[in-house]
Amino acid sequence: MKSYIFVWLCLVVLTGVAVSVAGMDLAGWSVAVAMVIAFVKSGLILIYFMHLKEEEGFRLLRWMIPGVLAILILFIGLTFLDVAFR
Amino acid sequence: MMETHRNNTGSKLGMWLFLLSEILLFGGLFILYSVYRFNHSQVFHLAAEALNRPLGTLNTLILLTSSLTMVLSIFFLKSRKPERSLFFLFLTIFLGLFFLFNKYFEWASKVHHGIYPNAPGLLERERGEVLFYGLYYSMTSLHGLHVLVGIGLLSVMFILILRGKINHERILPLENTGLYWHLVDIIWIFLFPLFYLMT
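Going down the list, the sequences are from chains A and B.
My numbering applies: residue 1 is where the first sequence begins, and numbers increase by one.
My numbering applies: residue 87 is where the second sequence begins, and numbers increase by one.
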C-alpha cells in the first residue's frame, strides 16, 4: 500500500515538473520534454497500478504492447514521410 | 450443482486486447493532431496558450489521484476489507464526476466565448485555429465519454460489492474495471501536454 502512495507521489511530482517546464521558454525542447514525462508517467501506471509484470499473460503482453506501439510509431513515421516532403 | 467455468487469464487477456485497441483508436487521433500541428505550428502554439492551464493541471491531478484510490479499492478487497474497498471505490467515482464537472465548466466558458465546432465566429478565424479547436473538442469529448463509461462501470462494481457478488475470491471484474480506469488516465496523461502544455 505504501508503494502505491509513493508511485502516486512520483506521478504528482512529474506533473509539477511538466507544468513548470512548460512555463519556461525551451523552444523546440518543450515538446520533447512533455512527451518524455508523459511516457514515464504512463510507464509507472502500467507497471505499478496495472500490475503488468504480475499478469499471467505477461509473456504474450510483453510482445503485444511494444507491437501496438511499433504500429503506431510506424504509421506516424509513414504519415510524416508523406507530409514533411510534400 | 453445475460448476461455472471461469477463465481468469482469458478474461484478463481479453481486457488487455480491448485496451490495446483503445490505444490505436486514440493513436489515430494523435497522428491527426501531430500532422495538423506540423502544418500550423504557430497557430497551434497560440491557441494552446488560450486554454485554461490551471484547470487542465487540476484535472490531471484529479485523475492521477483517482487511479490511486482505484488500486487501493482493489487492494482492500483482496485483504478482505470490503468496507474500505467501497470507500475508495466511492472516492474514485466522486473524482471521476469531479473531472467531468471541471470539463463541463471549461467547455461552457469556451462555448460562451463563441468557440465551439462550426461556430460562425470560429470559422472566420485562421484555418489552423479551426483545426485546433476541432481536435480539442473531438479528443477531449471522446475521452470524456470514456470517463463517463468508467463511472458507470465503477458504479455497477460498487453495487456488486455491496451485494457480495464481488469479493476477495471473485475480484476479477473489479480488476478489469480498474485496468480500464487506468487506461483512461493514461490517455489523459497524453492529452494534457498536447493541448495545455505544448505552447
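Be aware that one or more of the hints could be misleading.
Under the rule of at most 25 angstroms between Cα atoms (straight-line distance), these lysine-lysine pairs were calculated in the BS3-like manner [claimed, not checked]:
| id | chain 1 | residue 1 | chain 2 | residue 2 |
| --- | --- | --- | --- | --- |
| 1 | B | Lys98 | B | Lys167 |
| 2 | A | Lys2 | A | Lys53 |
| 3 | A | Lys2 | B | Lys251 |
| 4 | B | Lys98 | B | Lys189 |
| 5 | B | Lys98 | B | Lys251 |
| 6 | A | Lys53 | B | Lys196 |
| 7 | A | Lys53 | B | Lys164 |
| 8 | A | Lys2 | B | Lys196 |
| 9 | B | Lys189 | B | Lys251 |
| 10 | B | Lys98 | B | Lys196 |
Across the chosen pairs, the derived CB separations fall in these ranges [claimed, not checked]:
| id | chain 1 | residue 1 | chain 2 | residue 2 | range |
| --- | --- | --- | --- | --- | --- |
| 11 | A | Trp63 | B | Glu212 | 27 to 35 angstroms |
| 12 | A | Met24 | B | His254 | 32 to 40 angstroms |
| 13 | A | Ala32 | B | Gly250 | 30 to 38 angstroms |
| 14 | B | Pro140 | A | Ala32 | 17 to 25 angstroms |
Keep in mind the hints are simulated off the structure, nothing from the lab.
Glycine included, C-beta positions come from ideal geometry on N, C-alpha and C.
Inset, instruction - Identify every previously stated hint that the structure contradicts and give their numbers, smallest first. - result: 3, 4, 6, 8, 9, 10, 11, 12 and 13
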